[in-house]
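Novice: Following the hints, complete the assembly by docking chain B onto the known chain A.
Residue numbers (the working numbering), protein chains in the order written: chain A, 139 to 531; chain B, 9 to 116.
Simulated from the structure, these hints should not be mistaken for laboratory data. Among these hints, one or two may not hold up.
What the hints assert, rightly or not - DEER-style ranges, computed between Cβ atoms:
| # | chain 1 | residue 1 | chain 2 | residue 2 | range |
| --- | --- | --- | --- | --- | --- |
| 1 | B | P33 | A | H433 | 45 to 55 Å |
| 2 | A | D425 | B | P26 | 33 to 43 Å |
| 3 | B | A35 | A | A215 | 32 to 42 Å |
| 4 | B | D24 | A | G272 | 20 to 30 Å |
| 5 | A | A181 | B | D24 | 42 to 52 Å |
| 6 | B | D24 | A | D455 | 45 to 55 Å |
| 7 | B | P34 | A | D395 | 44 to 54 Å |
| 8 | B | D24 | A | D403 | 51 to 61 Å |
| 9 | A | D455 | B | K95 | 48 to 58 Å |
By construction, the Cβ of each residue, glycine as well, lies at the ideal position given by its N, Cα and C atoms.
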Amino acid sequence: MTTETVQSETVRSETARPAHFVVGDWQSAAFAAVPADRSRAEAGIAAAYAAAGLPAPERVLWVPSPLRGAVAAAVLAGHEKALRAAGTMDDRVDEALADLGEHADSARAGASVRDDVRTRPWETERAAAASGLGARGWPRAWADSGGLLWDQVQSLVTRVRNAVGAVAAPDPDAAIGAQDQAAALLRAATLDAVMGQHDAPWLALFESLGRLDGPLSGLAEVARNASWWWPYERLAICCERPTELYRDEPGRLHRGDGPALAYPDGFALHAWRGMPIPPDFVASLTDLTADRILHEDNAELRRVMLEIFGYDRYLADTGAKPVHQDETGVLWSIDLPDDEPVVMVEVVNSTPEPDGTYRTYYLRVPPATRTAREGVAWTFGVAEADYHPEKQT
Amino acid sequence: MYRQGDILILPVAEADVPPSARALPPAPRDGRGRMVLALGEATGHAHALAAPGTLLRTSDPRTPDHLHLPSGGRLVHEEHAAISLPKGWYRVIRQREYVPGSVRVVAD
Numbered sequence: 139m140t141t142e143t144v145q146s147e148t149v150r151s152e153t154a155r156p157a158h159f160v161v162g163d164w165q166s167a168a169f170a171a172v173p174a175d176r177s178r179a180e181a182g183i184a185a186a187y188a189a190a191g192l193p194a195p196e197r198v199l200w201v202p203s204p205l206r207g208a209v210a211a212a213v214l215a216g217h218e219k220a221l222r223a224a225g226t227m228d229d230r231v232d233e234a235l236a237d238l239g240e241h242a243d244s245a246r247a248g249a250s251v252r253d254d255v256r257t258r259p260w261e262t263e264r265a266a267a268a269s270g271l272g273a274r275g276w277p278r279a280w281a282d283s284g285g286l287l288w289d290q291v292q293s294l295v296t297r298v299r300n301a302v303g304a305v306a307a308p309d310p311d312a313a314i315g316a317q318d319q320a321a322a323l324l325r326a327a328t329l330d331a332v333m334g335q336h337d338a339p340w341l342a343l344f345e346s347l348g349r350l351d352g353p354l355s356g357l358a359e360v361a362r363n364a365s366w367w368w369p370y371e372r373l374a375i376c377c378e379r380p381t382e383l384y385r386d387e388p389g390r391l392h393r394g395d396g397p398a399l400a401y402p403d404g405f406a407l408h409a410w411r412g413m414p415i416p417p418d419f420v421a422s423l424t425d426l427t428a429d430r431i432l433h434e435d436n437a438e439l440r441r442v443m444l445e446i447f448g449y450d451r452y453l454a455d456t457g458a459k460p461v462h463q464d465e466t467g468v469l470w471s472i473d474l475p476d477d478e479p480v481v482m483v484e485v486v487n488s489t490p491e492p493d494g495t496y497r498t499y500y501l502r503v504p505p506a507t508r509t510a511r512e513g514v515a516w517t518f519g520v521a522e523a524d525y526h527p528e529k530q531t
Numbered sequence: 009m010y011r012q013g014d015i016l017i018l019p020v021a022e023a024d025v026p027p028s029a030r031a032l033p034p035a036p037r038d039g040r041g042r043m044v045l046a047l048g049e050a051t052g053h054a055h056a057l058a059a060p061g062t063l064l065r066t067s068d069p070r071t072p073d074h075l076h077l078p079s080g081g082r083l084v085h086e087e088h089a090a091i092s093l094p095k096g097w098y099r100v101i102r103q104r105e106y107v108p109g110s111v112r113v114v115a116d
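So that you can see chain A by itself, here it is in the shape it has in the complex:
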């Protein structure tokens, strides 16, 4: 039985679009860095409450970042004292109290209704879709939709969560008990959110199965127009989307001349190919030397330094010797203290440049690579013995 026939028996709607288009749209939503459409998001919130049989919240509090939302949610959960005990959060707590105003009283805001608004209808749709598709069709439907987005969205969410916690415990090496506890409370508050734009993988799955027209339509509308949100009986806290978001081709946060992710209040993450870096790190590398790279203790920062410095320069400056050489290229290895070695194939373009020279480039390959051919074959995902191009240019 093909995927198409399996799906046609279980989709709710005749209007379901091909998964390919659905995934593209939800990918755009997940990584949208434009202001929230507040009125559409608020209509979506009201629709989600209505689908759960609840009256719309009397107030929607807009916050400029997940950090500000998480602090407000932690205060509403009764953690004001624990946050203040960290010694790093007083201004943030005061800000949250001002944001919440009369709703700072949890009796006034009401209990969290996340289970009613999101978890229960979500689980109902998920269970119906899974049983309709069966043990083979379900993972396949996921692989063709949400599965394509999961890793990139989830790694972003994890980074944001950790950065929210790091505001309470800014120096992990020096963190004292109260700061660790405050960081844990803030991270826990992010787990209480509905993920809005970052629910995109699941929403892509539901839409590809024609299941977004029913009880999940309000949730989908918020996700298309805003970021994380926290639903309470009489209050919803809703977060703006990022103002800046830069990623490399595999989808990791990546930028050399500013924050890779930034929200309107300045809450931001700096990253190089997904690796967290301090805000001023790239700018500090102008006088980089091979010696300084070797003596950098942080393995991740050292990798960033190596990339920016250039492998070829590093090999020349340290007098490295090739490990192996064959007709496909040259294999190099750089040993680094407390880290796996950097193993690279040096490959020469088959087509000459206009001046008659051949351009050389370096590609990092797995550390266990033994020959240049094995390394080049790996870069294309084929076995060493199978790599024999009859023509290359």
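Specialist: Here is chain B on its own, set in the frame of chain A:
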């Protein structure tokens, strides 16, 4: 098996093209009517074919594309010599690079 810079083109039997690839809509052609197998991130240069045929591509850059050339075609790139491809089906593989903890796709 053919290689042009950072892409490898593997002939495949028609029967070996997975149904999930066949179900994809054809990737749109560029402004010059070409199928663009890969676009260089830094240079904007493209591995491209003007021939009749179909390019089937998922949204995941790490999943190989499939290319159908019913009457063959000529693969061109601004920085590499052209390669003539016989008619048939191909798997198009982007070169990748090892990064500790993950893998990234190369774009030249």
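Novice: The structure should be examined with respect to each hint, and the outcome stated for every one.
Specialist: Outcome of the hint check:
{"no.": "1", "hint": "P33/B x H433/A: 45 to 55 Å", "in the structure": "53 Å, holds"}
{"no.": "2", "hint": "D425/A x P26/B: 33 to 43 Å", "in the structure": "51 Å, violated"}
{"no.": "3", "hint": "A35/B x A215/A: 32 to 42 Å", "in the structure": "48 Å, violated"}
{"no.": "4", "hint": "D24/B x G272/A: 20 to 30 Å", "in the structure": "26 Å, holds"}
{"no.": "5", "hint": "A181/A x D24/B: 42 to 52 Å", "in the structure": "49 Å, holds"}
{"no.": "6", "hint": "D24/B x D455/A: 45 to 55 Å", "in the structure": "47 Å, holds"}
{"no.": "7", "hint": "P34/B x D395/A: 44 to 54 Å", "in the structure": "37 Å, violated"}
{"no.": "8", "hint": "D24/B x D403/A: 51 to 61 Å", "in the structure": "53 Å, holds"}
{"no.": "9", "hint": "D455/A x K95/B: 48 to 58 Å", "in the structure": "50 Å, holds"}
Going through the hint list in order, the structure does not satisfy hints 2, 3 and 7.
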